[in-house]
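Go by the hints and put chains D, E and G onto chain A.
Protein chains: 4
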Amino acid sequence: MAYITLSKANSIIKAALAKGAEGGMRPLSVAVLDAGGHLKAFQKQDGSSMLRFEIAFGKAYGALAIGAGSRTVEKFAKERPHFMEGLVASSGGNVIPVAGGVLVKNAKGEVIGAVGISGDTSDNDETAAIAGVEAAGFVADGGQG
Amino acid sequence: MAYITLSKANSIIKAALAKGAEGGMRPLSVAVLDAGGHLKAFQKQDGSSMLRFEIAFGKAYGALAIGAGSRTVEKFAKERPHFMEGLVASSGGNVIPVAGGVLVKNAKGEVIGAVGISGDTSDNDETAAIAGVEAAGFVADGGQG
Amino acid sequence: MAYITLSKANSIIKAALAKGAEGGMRPLSVAVLDAGGHLKAFQKQDGSSMLRFEIAFGKAYGALAIGAGSRTVEKFAKERPHFMEGLVASSGGNVIPVAGGVLVKNAKGEVIGAVGISGDTSDNDETAAIAGVEAAGFVADGGQG
Amino acid sequence: MAYITLSKANSIIKAALAKGAEGGMRPLSVAVLDAGGHLKAFQKQDGSSMLRFEIAFGKAYGALAIGAGSRTVEKFAKERPHFMEGLVASSGGNVIPVAGGVLVKNAKGEVIGAVGISGDTSDNDETAAIAGVEAAGFVADGGQG
Numbered sequence: 002m003a004y005i006t007l008s009k010a011n012s013i014i015k016a017a018l019a020k021g022a023e024g025g026m027r028p029l030s031v032a033v034l035d036a037g038g039h040l041k042a043f044q045k046q047d048g049s050s051m052l053r054f055e056i057a058f059g060k061a062y063g064a065l066a067i068g069a070g071s072r073t074v075e076k077f078a079k080e081r082p083h084f085m086e087g088l089v090a091s092s093g094g095n096v097i098p099v100a101g102g103v104l105v106k107n108a109k110g111e112v113i114g115a116v117g118i119s120g121d122t123s124d125n126d127e128t129a130a131i132a133g134v135e136a137a138g139f140v141a142d143g144g145q146g
Numbered sequence: 002m003a004y005i006t007l008s009k010a011n012s013i014i015k016a017a018l019a020k021g022a023e024g025g026m027r028p029l030s031v032a033v034l035d036a037g038g039h040l041k042a043f044q045k046q047d048g049s050s051m052l053r054f055e056i057a058f059g060k061a062y063g064a065l066a067i068g069a070g071s072r073t074v075e076k077f078a079k080e081r082p083h084f085m086e087g088l089v090a091s092s093g094g095n096v097i098p099v100a101g102g103v104l105v106k107n108a109k110g111e112v113i114g115a116v117g118i119s120g121d122t123s124d125n126d127e128t129a130a131i132a133g134v135e136a137a138g139f140v141a142d143g144g145q146g
Numbered sequence: 002m003a004y005i006t007l008s009k010a011n012s013i014i015k016a017a018l019a020k021g022a023e024g025g026m027r028p029l030s031v032a033v034l035d036a037g038g039h040l041k042a043f044q045k046q047d048g049s050s051m052l053r054f055e056i057a058f059g060k061a062y063g064a065l066a067i068g069a070g071s072r073t074v075e076k077f078a079k080e081r082p083h084f085m086e087g088l089v090a091s092s093g094g095n096v097i098p099v100a101g102g103v104l105v106k107n108a109k110g111e112v113i114g115a116v117g118i119s120g121d122t123s124d125n126d127e128t129a130a131i132a133g134v135e136a137a138g139f140v141a142d143g144g145q146g
Numbered sequence: 002m003a004y005i006t007l008s009k010a011n012s013i014i015k016a017a018l019a020k021g022a023e024g025g026m027r028p029l030s031v032a033v034l035d036a037g038g039h040l041k042a043f044q045k046q047d048g049s050s051m052l053r054f055e056i057a058f059g060k061a062y063g064a065l066a067i068g069a070g071s072r073t074v075e076k077f078a079k080e081r082p083h084f085m086e087g088l089v090a091s092s093g094g095n096v097i098p099v100a101g102g103v104l105v106k107n108a109k110g111e112v113i114g115a116v117g118i119s120g121d122t123s124d125n126d127e128t129a130a131i132a133g134v135e136a137a138g139f140v141a142d143g144g145q146g
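Residue numbers (my numbering), protein chains in the order written: chain A, 2 to 146; chain D, 2 to 146; chain E, 2 to 146; chain G, 2 to 146.
So that you can see chain A by itself, here it is in the shape it has in the complex (with noise of 0.2 Å):
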């Protein structure tokens, strides 16, 4: 399986939710890539602000992008901060360098897929991705800081 079924999408986002809840989170918006960096699920908790969704999307999209958890892309953008320039406009705008995206690996190590969460600090957010992608039974890198 080289592609994130909707089922496993939707158990990942409820696991997630449920970390949330749980730690007194904020509340949050999830969203589920697949391995090509198109949305196959998403919900966003009532009072989570306006534009949680591209937050939690750019996340997502950012860690599939260079291929590492977005605390790695955060990481790059600290480091290079024009590198990350060039990389936010040539992606359209679509990756947001900040912690909380996440690489969900089958058991073989492959990206199958990845979440990203906006809502809480991005500490926060990446705990409750990584709770989601194990309950779901995926492998999860959240990156390197």
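Don't read these hints as lab results, they were simulated from the structure. Being a predicted model, the structure only gives us computed values, none of them experimental. Some hints here could point you the wrong way.
Note: identical chains are not told apart, hence a pair may lie in one copy or across any two.
As the list claims (entries may be wrong) - With a cut-off of at most 20 Å between alpha-carbon atoms, the simulated DMTMM-like pairs for lysine to aspartate or glutamate come out as follows:
| hint | residue 1 | residue 2 |
| --- | --- | --- |
| 1 | Lys76 | Asp124 |
| 2 | Lys106 | Asp47 |
| 3 | Lys79 | Glu23 |
| 4 | Lys15 | Glu135 |
| 5 | Lys109 | Glu135 |
Then chains D, E and G, alone, in the frame of chain A:
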């Protein structure tokens, strides 16, 4: 209530997909937008092709744009293509002027969101969208052709 | 295998160019995309004009967008120009609604990528694309006009 | 000859990938552009992440933009970020100001194209690009940091 809740958005998607399954429709992509045109929830069934999110979103966005179901948007496009060309461009490419985008109205007649579906014929997409909206207890407006 | 390999992508291009040479076609540009619409391999023959990459890419991208060969995309454009106008805009200008974009399917019928060719007539472009896909051992879907 | 031939472009890619394999580099994406900044040939190795084409292309495009290898583009970005911000925007997001974009010059010193590589460190990307250009009998200009 002027905004659709996540719980209701998920109900709409569930009922729309059930309608699709009941009717033997092809795999569907279902987007629910709030009254401000921002994505609230989305699900893409396995096998639904690459840009179906963009198409489903664009149908719902177009409905909100002019305050009528996207069957009306399509009618406008046929009658005055120059108007639609301007609207498509001014929306940043977010309007898809085709049936299957349905306004979600509450009992007072207030627009609280919109649903867009893509995957089968436009008529079937609209049928599934209306079924979803009504199953969630709202009034559906698919527009007039 | 849900993703096309580089080895197979190169085989497709080689066979497509051989078909073009055999048929005395004008210089061709051949793009192979993965299932997510991202470029895997490309070759532009000497004398193929300036924007042939964009055209070849857009044919393949359009095929993936709606899940049918771009002859079908072209049919849709003729029948409902307003739909195609919306799709072109929502894709960020990545869809070229003309024959010559061919889906690449594996033995299970799964879409693993797409090939787009530009340079000669659309019919000849499509003929070369289908020849390339089949020579690489895959099933070609050019769409229906 | 002011334009690179397809045969030479393919030779550059082949030699660049061989250099990558020899050096144990991660999967690479290699783009060859003609002197007008238009794509001539491209190959993405299996496992090279989603936006590597855009990054490889942007390095080569940036080199052509200012007439120096992209190591110089990166130097400019560090020295005058406001200039690079303008250049990135005015190029429509086609410039990635990072090392790994190498000008291809003929014996007369004329720029006949550029190669951009992404996948490993920028230094390694550049090493592979220079190896590719030189193996094809041209002079490589990677720029100065």
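Quick rundown of the hints versus the structure:
1. Lys76 to Asp124: Both: 14 Å inside a chain and 18 Å across chains, each within 20 Å.
2. Lys106 to Asp47: between (29 Å within a copy, 16 Å between copies)
3. Lys79 to Glu23: The answer is neither: 31 Å in one copy and 31 Å across copies each exceed 20 Å.
4. Lys15 to Glu135: within (12 Å within a copy, 24 Å between copies)
5. Lys109 to Glu135: within (15 Å within a copy, 29 Å between copies)
Consistency note: the structure conflicts with earlier hint 3 alone.
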